[in-house]
Amino acid sequence: MLSDSNFITFLNKEGKQFVFSGKTGLVLEYEDSILEYLQKDDLKDEQYEEYLTKELVDFNDLKKSLERTDEKPYLTAVTYFITNQCNLNCSYCYEKVSNVDDSLRMDFNTLKDSIKFIEQNFKLKNSMHINFFGGEPLLNFELMKESVTLLDEFGKRNNIFISYGITTNGTIINDEIVEFLANNNIGILVSIDGTKEIHDSNRVYHSGKGSYDVIVENVSKLSPYVKLCARVTIENYDTDLVNLYNHLTDIGFSEVAFSYVSKIDSHITQSDYDAVKTTLSSLAEYFLNQVKEKHLPSIKIFIDTLINLHSGSRSDMRLFPCGAAKNYFAIDPKGDIYVCHRFGNMDNFKWGNIYEGFDEKKQLDFLRDHVLCERGNGECRECWAKYFCGGACYHSSYDSYDDSTKNTKFHCFYMKEVLKNSLYIYTSLSTDEKKIFDNIEPRQNIYEPIV
Amino acid sequence: MSKSSVFVIMNITHKCNLSCGYCYYADEMNKKNGVMSIEVIENVFKSFKESSLDAIDFCFHGGEPLTVQPDFYEQVFELSDKFLSDKEVSYSIQTNGTIINEKVIELMKKYNIELGISLDGPEKVHNYFRKYKDGKGSFGEVIKNIDILKKNNVSFGILSVCNDKTLEFSKEYYPFFKSIAPIRSLDLIPPDCVESQTILSKGNLSKIFTDIFNQWFYDNSCTFDIRFLSETVKVLLGFQSELCTYQKNCIRSKSMVSIDINGDVSPCDNLTHIQLGNVKQNSADQFISKSLERKRYGMIEDKRINDCVFCEWFKQCNGGCTVNSKAGDNNYYCSDFKKIFSYVKNELIKNSILNFNGKFEGDVTNIPNPKLKKKIEDTLKMYEDCYLKL
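Chains as they are written, first to last, in our numbering: chain A, 569 to 1019; chain B, 2 to 391.
None of these hints come from the bench; they were simulated from the model.
As the structure is a computational prediction, the values presented were derived from the model and not from experiment.
Be careful, since some hints might not be right.
Stated by the list, open to error - EDC-like cross-link-like pairs, simulated, lysine to aspartate or glutamate; straight-line CA separation at most 20 Å: (1) A:Lys789 <-> B:Asp303; (2) A:Lys724 <-> B:Asp286; (3) B:Lys316 <-> A:Glu1001.
Model the full assembly from the supplied sequences, consistent with the hints where possible.
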């Protein structure tokens, strides 16, 4: 049982040994009796079963629950591609890969019709998150303003709470925009890659000029009034994550969320993997030291994971990597409906149009094929990180293998490193320090996968 | 959706006939004179008329609001009727209780005004600070007026600022207020920290609180709520609180504004440096929901309580009242509140109201104080209704 891929053992900062069970999502101090239980296959103990070996989910039941129903699907988040235009020309932009008609902007009528479509074709819960995307969404600021008015009305009409977010390149700010973003409580993700040197090596205008200086100035205009989250794309796996975090918080960001640039598995080298392992481990050590000094760093990946661990993964286990295709979709200027914001303009991930209808069968088929137990031909079933991970990002897998049901090597590696480091942090905290996670509101991350 | 309402403190005058030792307002009174003009008052009502609010609760404050004559108030209420007839409106007056006469009583009854009277406790406590300009204590006059109100069936609540003197008489405090019952409610308030004076030493708030709590909590013939105490129980049971000190970032909250004599709007009458707008230029929707200044100070307030997340009482306390926090320091009453929460939680567990894990399971039977019990029952029902609506 010990060599079972469903368990890992690890040490905390004091050198105490712990075991984590991927079946139950629980972490325990590794006493002799546990060792004995895990080593002997035939040893029966109700308590240890409950804590260590009892599977949380019956995968057969799970698959049955994804059979066809007559019920409309739920919708709790939407990304609107309000324009395909962008004033930047970032080298790694995944949207440049597809044949984008870059003069496309969403108009008011499409937005209005999409709301009617949503009301007619989906069930609603008590809240919905609307994300403004692009291209650069602030190039269609007029529509953003009109959208919020319409969507607020939609919320009132249906008795649901509407929250807003925007992912922006941070280069277009004026007084009116500041006021609008602040007064409508719009969650702001600014794409910024780190120091000027790193950022300007990829995130440039069409002229080739870097965008860093403009962004820093704009951040100083926004940060007195609203919280800003830095959305970092890491190209160089060696990047020092601690310096990255400190630099971005120094220039005015309240929070840092990073992910590695979309690269197919075959292009990622062993030294890349080693670099991620090292830098992530240093970041975890930094996080832990800060907490010991009673400061809580706003490093999204750790905070989200620690809250999850603290509440016990039974309460928030992932059977899918994210809400895409389940209760979250993306709508583009033509009214086309896509699995998520990364699949814009990719026909085999288009599930309809707001004027033609939504293909529920495609959705159910997709969910059945992509539920946790089916990913990677079943390889997720025996993984200790499964309920934390939920499977690889569909887009990353499709990118690497033309098959969204597969997992990517990088995703599996990265998820495990994140969870390992989070377990290390969590088990190195005192009981009192763990109580912080009772005090923080868990953030709904359904529109952006972990990676 | 639930109705939208706001509590509006109307600073109608800076004038006052008393000279209380701890008055945080004394400075302002000497600098700015006068009464809120009818023009400003009309602007107040106009700005609320145009708003999307359903209900407005006006509280007249000062100085001493009853130094303004009842005739003036008649004008005010007539204007209010004219502009706010399609809104739910209520009025209250916070007074030092020394200027009660027939005309005032008539006014209270005619417009259904809730009266709040400042009374700090038994005579020795009240007269320690609350004196006339000639140094004479105001206790006698206040008690006399309370009798008159009772005889005229005008109900009133009590506002009571505590200080070190209160601690000397903390065991007489609750029996004293019982003796002047019926009172609608008792609002026990820790004093604001002002640079030049600390009238309540650190550690004494918790002592006062626990002394009063011990008597009030177990009184099964209790006839009035003591908000500070009952809201503390409420937050320990896991509910949100209406008490402003227990709010999470009161500056972001849109439930209260304070309007000064010249129409300037602030989130609270202790935070007049935060200017949300002016009733002459801005609509209520603007200064309540769309003020960038509110966002700016809201961010500063978030930063202030950043590290409070490490405290076991964070969910109940939410960082304490910002007025009592100086930059770089813990809130003045921080250690007092920790003691208060710890004490009350213990009492709740001792009486099997919270289970041994400190969790509330919805059972109110073991709550000794009937007023408190009813408050918790009503809160449970409200949460139930909300849940069902979703």
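Hints versus structure:
1. The suggested pairing of Lys789 of chain A with Asp303 of chain B holds, with an alpha-carbon distance near 18 Å, which does not exceed 20 Å.
2. The straight-line distance between the Cα atoms of Lys724 of chain A and Asp286 of chain B is roughly 17 Å, inside the 20 Å bound, and the hint therefore holds.
3. Restraint check for Lys316 of chain B and Glu1001 of chain A: satisfied, since their Cα atoms lie roughly 15 Å apart, inside the 20 Å limit.
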